[in-house]
Amino acid sequence: MTTTGALTGLLYYNHNVVVIMLGEFEYLLLSVTARLGDEAYGAAIRAALEQTTGRRCSVGALYTTLDRLEAKGLVHTWMGEATPQRGGRAKRMVRVTAKGARQAAQFYRTVVRASRGVSWETTRSMVR
Amino acid sequence: MTGVVWWLVERASALLDAEERDAVRGDLAELNVAAGRALREVVGLLVRRQLRLWTDWRPWLALAGLVIPLGMLLSLISRQWANTNSIYAWLYVDNWTWSYIETAGARHDLAQISGTFLLECVTLVCWAWTLGFTLGSLSRRTIWVTGTLFGAVLFGGTLGSSTAGLRNPGNAAVFSLMFYRDGFPTLVRTVLVLVPAVIGMRKGVRQATLPLTWALISAVAVVTLTALAAPSVKGSVTWGWWSTSGEGPAIRQLAQLRDSWQLRLLPMLMVWPVAYMVARATRRHWRRQSAAA
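So the protein lines, in turn, are chains A and B. Mapping of the first sequence onto my numbering: position 39 corresponds to residue 39, and the numbering continues sequentially without gaps. Mapping of the second sequence onto my numbering: position 124 corresponds to residue 124, and the numbering continues sequentially without gaps.
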C-alpha cells in the first residue's frame, strides 16, 4: 500500500522507504526533450544531453530509457521523416506528454527543496 | 579495417527491429560516430535489449526445458548412433564383399541394418525439427541466444567423455580412422540435428503455431519414432556417455540407474516439444471455433 508524501514526486511505502519516481537520467532526458520541442529526436537529444552534462551518452542508454519512459506514459515517440544527412533513414521523434511534464516538474521541485541549505547549494550561490 | 567494422555494425544492427535499426543507423550517420564506437554502441543496445527480453519466463523455459536437457540428450544420442553406424559402415562400405548378399541370412542382416540406420536418421531429423520449432515459438526474440546455446550444447555436451564402443579395443580398426572417430559424428550432428533444428527454429519464429492437422501428424510421427527408438535412447545414455579412461559411465550414478524407471521414462523427454506444439495448435483451433460461433 502506498500514500503520496508531503513532498510531491515521492511515494511513501508503508515500510517508510521513499521511492523517487524518476531517475536522474530519465529527468535529464525529459528536460532536454522538452527544450528541443518539435526538433526532439534521437540524435538531437543525444547531442544536447552530451553538451549539457559533458558526459557521453550511448545509443543503448538513450533508446532503452526512451522505451521505459514511453511505457510509463511520460513520452510519446513515433517515426519521423528521413533526411539525406542520415543516409535516408528515418528519425525517432519524441514528445513529452502532459504526465511526463508533471513528473519532471515534481522531480525538479523535490530536488530544489531537498537541496536547500546544503553545503553545495551555498557554494553554488557564492560562486554565482 | 574501418570497412570491416562498418560491415559488422551493419550485421549487428540487422538484429534490431526494422524501425529501431533505421533510427539508430540514422543517428550514427548524422552524428558522424567513428566505426569502433558505433559497433560498441550497437552491440551495447543489443545486449540491453536481450537482457530486457530475459526478464520474461519464456526464454528461461526454452533454456531449462529444451536447450539444456534435449540438447544434451541429442548430443549423446547422435554420437552413439553415429558410432554404432560407423562400425556397420566400416564393415559394409570399407570392406565390401559380394558375400554380404549371397545368402538370405546375410541379405536380411544388411536390410535390417540399413533399415535401422534410415529410421535413426528420420528420428533424429524429426526430434531436431520439433525441438527447433518449439524453441523458435517459445523464444522468438531471443532465438539468436537460445539457438546458439543449443548448438553449443549439441557439439560441446559430450566433450570430455567417450562411448563404450569407442573404448572397446575390438573396434580399434574402425575408430583408428579419423573419419569414423571424429568426422562421422560431426556430420551426423550437423546434417541430421543442427540443420533440421535451424529450419524448425526459422519456421517457429515466423509461424509460432502449426495448423492443428499438421501438429497432430507431427505428434503421431514423433511418438511412433520415439517408441521405436526408446531402447536405443536408454543405451545412448548408459553406453554413449562413457569415461575417457574406459572404466565405466562418465557419471558413476548412471550405472545404478541402468534398467530403472527413470531411464525408461527418459525417451518421453523427446516428445515434449511436439506436445507443446499440439497444445498451442489446439488452443488456437478452439479460440477460432468459439470466435466463429
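Hints listed in this document are in silico derivations from the structure and should not be mistaken for laboratory results. For every residue, glycine included, the Cβ atom is placed at its ideal position computed from N, Cα and C. Just so you know, not all the hints are guaranteed correct.
[What the hints assert, rightly or not] Sample of chain B residues lacking proximity to chain A, with all beta carbon distances greater than 12 Å (derived):
| no. | residue |
| --- | --- |
| 1 | ARG37 |
| 2 | ARG40 |
| 3 | TYR88 |
| 4 | TYR100 |
| 5 | ALA104 |
| 6 | SER162 |
| 7 | ASN171 |
[Unchecked claim] Only pairs whose alpha carbons sit at most 25 Å apart, straight line, appear in this in silico DMTMM-like list of lysine to aspartate or glutamate:
| no. | chain 1 | residue 1 | chain 2 | residue 2 |
| --- | --- | --- | --- | --- |
| 8 | B | LYS234 | B | ASP17 |
| 9 | A | LYS72 | A | GLU121 |
| 10 | A | LYS72 | A | GLU24 |
| 11 | A | LYS99 | B | ASP182 |
| 12 | A | LYS99 | A | ASP38 |
| 13 | B | LYS203 | B | GLU30 |
| 14 | A | LYS72 | B | ASP182 |
| 15 | B | LYS203 | B | GLU247 |
| 16 | A | LYS72 | B | ASP17 |
| 17 | A | LYS99 | A | GLU39 |
| 18 | A | LYS99 | A | GLU121 |
| 19 | A | LYS72 | B | ASP56 |
Problem - Hint numbers not upheld by this structure, sorted from lowest to highest - result: 1, 2, 8, 9, 11, 13, 14, 15, 18
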